[in-house]
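Student: Listed below are the residues making up each chain.
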Amino acid sequence: MRKVFLGAAAAIAITLGTGPASAQNVKIGVVMSFSGQFADPGAQIDNGIKLYMKQNGDTVAGRKIEIIRKDSGGIAPDVAKRLSQEVIVRDGAQVLAGYDLTPNALAAADVSAQAKTFMVNMNAATSVITTKSPYMARTSFTVWQVNEALGAWAYKNGVRKAYTLVSDFGPGWDGEAAFQKGFKDAGGEIIGQARYPVANLDFTAFVQRAKDSNPDGIYIWVPGGPQPAAIGKAIAERGIDKSKVKVMGQGELTYEEALKSMGDAGLGLITAFHYDYNHQSAKNKAFVTAYNTEFKRNPDMFSVGGYDGMHLIYEALKKTAGKTDADSLIAAAKGMRWESPRGPMSIDPETRDVVQTVYIRRVEKVGGHLVNVDIDKIENVKDPWKARQPK
Amino acid sequence: MSTPALSTRGLNKNFGSLVVASDIEIELPQGVRYALIGPNGAGKTTLINLMTGMLKPDGGQIQLGGEEITALGPEARVRRGLVRTFQINSLFPHLNPLEAVTLAVCERQEVSRTWWKPITAYSAEVDEAYGILKTLMLAQVCYRQTRELAYGQQRLLEIALALATRPKVLLLDEPAAGVPRDESAELFAAVTNLSQDITVLFIEHDMDFVFRFASRIIVMVGGRILVEGTPDEISADPRVREVYLGSAHHG
Amino acid sequence: MTSVLGVLFDGFAYGMLLFLLSVGLSVTLGMMNFVNLAHCSFGMIGGYVTVTLMNSMGWPFLATLPMAFIAAAATSVVFERTMFRRLYRASDLDQCLLTIGLVFASVAAAAYIYGTIQQPVNLPSYLRGSYQVMGVTLGAYRLFLIAFSLVVTAVLVISLEYTRFGAQVRAAVDNQRMARGLGINVDGAFAITFALGSGLAGLGGALAIDIVGLDPSFALAYLVYVLIVVSVGGLGSIGGSFVAATLLGISDMAGKYYFPEIGSFLIYLVMISLLMWRPAGLFGRRA
Amino acid sequence: MTSTDGALAGPQQYLRAQQRWRAIEIVFWLSLLLPFVVTPNYLVLASQVAITALFALSLDLILGYAGIVSLGHAAFFGFGAYTAGILSKHGWGEPLTGLLISGFAAGLLGYLMSFIIARFRHLALIMITLGFGFLLLELANSLGWLTGGADGLQGVKTWPLLGMFKFDLWGVTSYWYSLIVLFILFLVCRRLINSPFGLSLRGIRENAVRMRAVGAESRAHLQKIYTISAAIAGIAGALLTQTTDTVSLGVLNFERSADVLVILILGGAGRLYGGIIGAIIFLVARDQFSGINPQYWYFPIGVLLVVVVLFLPNGILGGLAQIVESERWQRWTANLTPWRKKP
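Protein chains in written order, with the numbering used here: chain A, 1 to 391; chain B, 1 to 251; chain C, 1 to 287; chain D, 1 to 343.
Since the hints were made in silico from the structure, they are not lab data. Remember, it's a predicted structure, so these values are computed and weren't measured experimentally. Note that CB positions come from ideal geometry on N, CA and C, so glycine has one too. Wrong hints could be hidden among the right ones.
[Claimed, not checked] Chain B side only, calculated, beta carbon under 8 Å to chain D, not exhaustive: (1) 75; (2) 78; (3) 79; (4) 92; (5) 93; (6) 98; (7) 108; (8) 177.
Whole structure, please, built from the sequences with the hints as guidance.
Tutor: Here it is, written out as structure tokens:
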């Protein structure tokens, strides 16, 4: 009982923005999917968080960091919102973090705004999210950021007639719109497009259709899970020659496990992304090694989102000397710039969104393994969608 | 003679090559107690199914009190007064007799459509149901779940449910099947003592009961009506003797 | 023209996958009246066995398939003997609750043992790539899938219809009391039927990895498709499941190719209209 | 129940006694107020429990009373949720009228669907409800301009309740609101099942063939209860929208339909309280288990379901009722309370 009331008192204190005594722990409520269809991204984000804390200790500016994990179990903004409320009200968290899925992040943004709580979006990639709370920053990427850059790059590299195939839901539509905008602005022509059902299992029919329209570039937007491998295999099976037709997509298309099950079928796929474990830099090599020691697998974009998210929280806390009120923390986060395993990145002081390098990679065989090899890069990419919104 | 309570003309039904009803012509006058007898597989239950609309005939017509009902569904026939019971108990296991019979009364009165008034507001219907149960000696057990009742009581409840619909014609499919003999007699007595407005046709294997309680008898064999007449006529008929009464065992 | 043939071929292959995954449920639900929502959990076991044997022990893909079958069948027998049999006479709802509980537990157990990661399966080279036959592209794995499923179906039908064992099983599930009277080991027949159905699901799970992937959510994600096949085909009918799976596989594929804009609606529209036309399923005996 | 046995009481008194409020019911409802005092930090959870309980109650009307098993009941929950959300987004955030409009909209959808639903039974019925659930989900996904698609509906803003009570971070208003709506609709359902109509529904569940033979208008009854159930599910959905200011495709998905079915069976179908008890146990267990381990909490939940089935058939309430009605228990309590004579 006593604990319950103390928690409530602390929560009230925080929501009033006064900030509790600095001797207390800094509690970070991490809300995302730990179970269900989206459990793996959740696990990888969590690994990123754990590794960062292992490397950098669990004490910042004299205050101990405590993580409270909450499972939203999939697309469930009502649950994500409740858990975010509870983690503040019940557990006394001063920072919200995690958020793998757009609807969940959007719902939690309300809580962040209402309770005046600093929030780090470690994954959800829809542009609009960061506009929903003035206390939110993002350490992942946005769909527009990556795909508009890819569209422009495609035209510059010889693609004139493209076909787009995307998953039929919000992020897929965003990917489609972003690629088409980048591509058409550069002068390209879209000769056909299709959206496939979210739960689609077999892609043969869609790939055949794309092939029949004779494009010189095919753009694909696919979420993680089993679909990338299925698409990669279908492309190889339908006999699409990747030296004549560029097959392009966002990074998920060629994530590690997908490539493993595609086998040589994956060779030659081109993707745009902000991170890959094969990215060649000293910082990333160290990160990948440490990650493997700890979790027996390679990090991915989710891991780096969690890792950099923790970095942002730690650095912001250092700047505020342990003060946890949302105004101080977000002020500290704005404009922060650092070298991540993914390369240089920063938080846009205006939009609080991530600014980073977008890499263009091609699947090649290196030492018997299929990996994404960087073949080009576009530096300092901001979220273009936000730049176009009326201020 | 006035319009028969129930009549069929040229009723036919096949299941593939198996003929289960062939050219059935029946006329049941008002108020008569009819027995329908015949060896197993003669098509007696099928005939009831056809008359009550649970099976669709391949050909022929059925009239109830002079009204053509061949095209009507079973519910509509019940609401016009053509009601049956089942050979194998077909009851509401988790309702008690009071609830079950009240249900049937309420359906008849069309008050089952109201969902905003409690059942206790319909005291006339409840009393009527209780009255039916009383006449059938079920009042003592009417608050017990049906599935807990003795078998004979469940057979009576079958009839109670049928009575609750205020039938004009009542078709009883072996009402006493499985009931001890002394209880069967009570049951048949209760049936024959029903109001003379009700025409009754019952299927029964026990010839004692048939001859004691039926005023007329129909004999079916192989989906056809062999003969129809008074108990005396039937017992004297040599054809009946041959195909039916003569056989050593009728079960 | 070639596109039509191609769509038919791909749809048929996809249908065969659905068939393997669902035929066991059709048998246990239709003949034994047991609602086993954990059917795909047994399928998942098959998938994980194949992955483990291939990736950790270096077994060739084909050699893992019998193991997938055996593992799923054996596990299912354990559950059948210890839990399911106690509920053969319980209400459908209780059966649902029990088996959905097992699904939840199996999802968590798979996540605990294998992690939430997508399991890769690297097929041997002769199952990859494709052949061109009269201008139609035939995927090698799909050809294999079709051939394999046809053989399995044939074996299944022959062993149930033309052997003494099959006759006993059919007698046992048709009329328990009579079968017992004839001295047939009814409990044994039930256990074997259950094992057979789950084993086939295990096989389906193993064969599905290359096409639809494998992670702990498999047990829930494909339940819906399996239920669709079973209901459209008609309970207890092997032939019905075969036809329904083929029909759904092909209509799904054709829908995506010719009308991609309604691709996601199609499988449900097909199911609803078929069931409205024949509520007992295409080959069902009972509604 | 059995203590009123014996035909001593007249049928009127008997039925009245059946419908009377029992002490334990009153205690139960009063105990739902406890979270305000005992666990004020759990009010947000409590309000979601109340909403889920209402949803399960709506399913109980068709499953527990009319025997319609549905694997697509989220269709109505979601339809109500989106109706409330879209209303609010376009400028009408008043909660009470929003609730009524959403319930009406979902009821209308239920009425249209009931023409199909009432014709089928068994597996075909389950799969047709499932199919419609998926169709509605896909429709909501593809109508992005209206529903916001996969990102969820944005801009939902519910006005303060009665113009006075804002929906606060602690869930005080949410819980009051959800609990009162739950209670009112529970009263409606209670009245409904005690009516002649409710009796006919139980008849349909017990023996649909027999209902035809007593001339019952079964199909009309099924259509009516399906419509009412859909409306209540819609109200539950609207409550969720209003208390969280969010709507996403999650309100329509298969998991929600399956969960509510599990909750109802867990609690015990056909008893009105089953859904409420099921919702409390399922959601609190989930909250506690996932608090202990956010990754593997499905395991203990699964085990819980298995254990309940093996030891308490027909759900928690069904199993308890069986124990209470068992002879051993009767004898035992008779010894404890000698003045309560068994007839």
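Student: Each hint needs a verdict: does it hold in this structure or not?
Tutor: A quick look at each hint next to the structure:
Look at residue 75 (chain B): its Cβ gets to within about 5 Å of chain D, closer than 8 Å, so that hint holds up. Hint status for residue 78 (chain B): holds, given a least beta-carbon distance of 3 Å to chain D, under 8 Å. Because the beta carbon of residue 79 (chain B) sits about 4 Å from the nearest beta carbon in chain D, less than 8 Å, this interface hint is met. About 4 Å separates the beta-carbon of residue 92 (chain B) from the nearest beta-carbon of chain D, less than 8 Å, and the hint is met.
Against a cut-off of 8 Å between C-beta atoms, the interface hint on residue 93 (chain B) holds, since the closest Cβ of chain D lies about 6 Å away. A cut of 8 Å between beta carbons decides the hint on residue 98 (chain B): the least distance to chain D is about 6 Å, and the hint holds. The restraint placing residue 108 (chain B) at the interface with chain D holds, with a minimum CB-CB distance near 7 Å, inside the 8 Å limit. Taking 8 Å as the C-beta contact cut-off toward chain D, the hint placing residue 177 (chain B) at the interface is violated, the least distance being around 17 Å.
Hint violations for this structure: number 8 only, all remaining hints satisfied.
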